[in-house]
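Using this note's numbering, read the sequence shown as starting at 1 and increasing by one per residue.
Keep in mind that the hints were calculated from the coordinates and are not lab data. Please note: incorrect hints may appear among the correct ones.
[Said to hold, decoys possible] Heads up, simulated DSS-like pairs for lysine-lysine below, C-alpha to C-alpha not over 25 Å straight-line:
{"#": "1", "residue 1": "Lys101", "residue 2": "Lys73"}
{"#": "2", "residue 1": "Lys62", "residue 2": "Lys101"}
{"#": "3", "residue 1": "Lys223", "residue 2": "Lys203"}
{"#": "4", "residue 1": "Lys62", "residue 2": "Lys73"}
{"#": "5", "residue 1": "Lys165", "residue 2": "Lys312"}
{"#": "6", "residue 1": "Lys165", "residue 2": "Lys307"}
{"#": "7", "residue 1": "Lys223", "residue 2": "Lys207"}
{"#": "8", "residue 1": "Lys96", "residue 2": "Lys165"}
{"#": "9", "residue 1": "Lys121", "residue 2": "Lys101"}
{"#": "10", "residue 1": "Lys121", "residue 2": "Lys307"}
{"#": "11", "residue 1": "Lys207", "residue 2": "Lys165"}
{"#": "12", "residue 1": "Lys121", "residue 2": "Lys96"}
{"#": "13", "residue 1": "Lys165", "residue 2": "Lys203"}
{"#": "14", "residue 1": "Lys203", "residue 2": "Lys307"}
{"#": "15", "residue 1": "Lys158", "residue 2": "Lys223"}
{"#": "16", "residue 1": "Lys62", "residue 2": "Lys96"}
{"#": "17", "residue 1": "Lys96", "residue 2": "Lys73"}
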Amino acid sequence: MRQLVILCFFIGLCLLPKLTNGQETDSLFFKNDSLVDHSINRGDSLLGTYKHQRLAPEPFMKARIHYTNDFVKRFNDLVGPDNDSINGHHDHAARKQRIWKLFDLEDDRLIRNSSSNSVYKYVVDQFLYEVCESFKPGTLIAPNENMYAEVRGSAIWKQQTHEYKMYLKKERAGSNWLWEIISIDAPFLLTSTGTLDKDTTTKNVSKFIPPNAHEMNFMALFKHLNAGQSINYFIDDSYPNDSLLNTFAYFHSNGQLRPQTLEISSLWINTPMRWLIQLRQFNRDSDNSGWLISDLCRSSETTCLPKGLHNKIRNTFISNNRGVEK
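All chains should be modelled from the sequences, with the hints used to inform the complete structure.
Right, here's the structure in full:
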């Protein structure tokens, strides 16, 4: 038996050069160096001098808007589509073209030859004019301020899977930022709202949703919910009491409601120019990919907001005299 093992080992050594010669690696990251001898029959190394050469990124990867901060920089005309700084005079025509590329250009409403939904084309043209032709440094958007998010999830309640939508706002916490929940849309709980024991959990500064959670599909929030953490840790108390959110928190805290999935749907940025911008993440092998404008409307109308967020934002801005209506 020992002799058979030795024989197999010897045969394997003889075949190894043929099996490894010219062997390909992962083409996404590396490629073989054709100028290098891949044979192991060399004296300088047991495995020879097989080398890898890292491939250059695809052209569209540089133009892709990877993060929302990248979108803000381009919208503010600090960098161009190639992520290089823009120096000198800000030409209105060139800026208009750069802003145009921040839209989802595969949206049927923006196809030039299409006659459908011409209203949206008109709205976009008005937006481009006000942002580009009337461009002033004071109208630029900030990286974190006035940003809202919609996340969609599913949960098991009463032995059935139900879908819900949760709405969050990015808030300042000292010198930092974090996401806080302001509302929820969970139709399956409408018949269960009533007099329920309110969650009295005291907030803990060590439990929060980080400001970049939207870049990672709100994984941090899902982990908290899946671990049974009280939702009260993450609710923005400055917003009016939300009975449906309290109901969700109550059944979640006693284990009757078990979250299953959670993923980001959209972001909204309320700009000082009184426009609401909706952003969505588009994964494409093209320059027009990443965080792009998928819808917009005037902040006095809020027609591009989902119903569950419309009243929350509108009422808050009116009451605080700082945005939608003055």
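Q) Which numbered hints are broken by the structure, listed smallest first? A) 8 and 14
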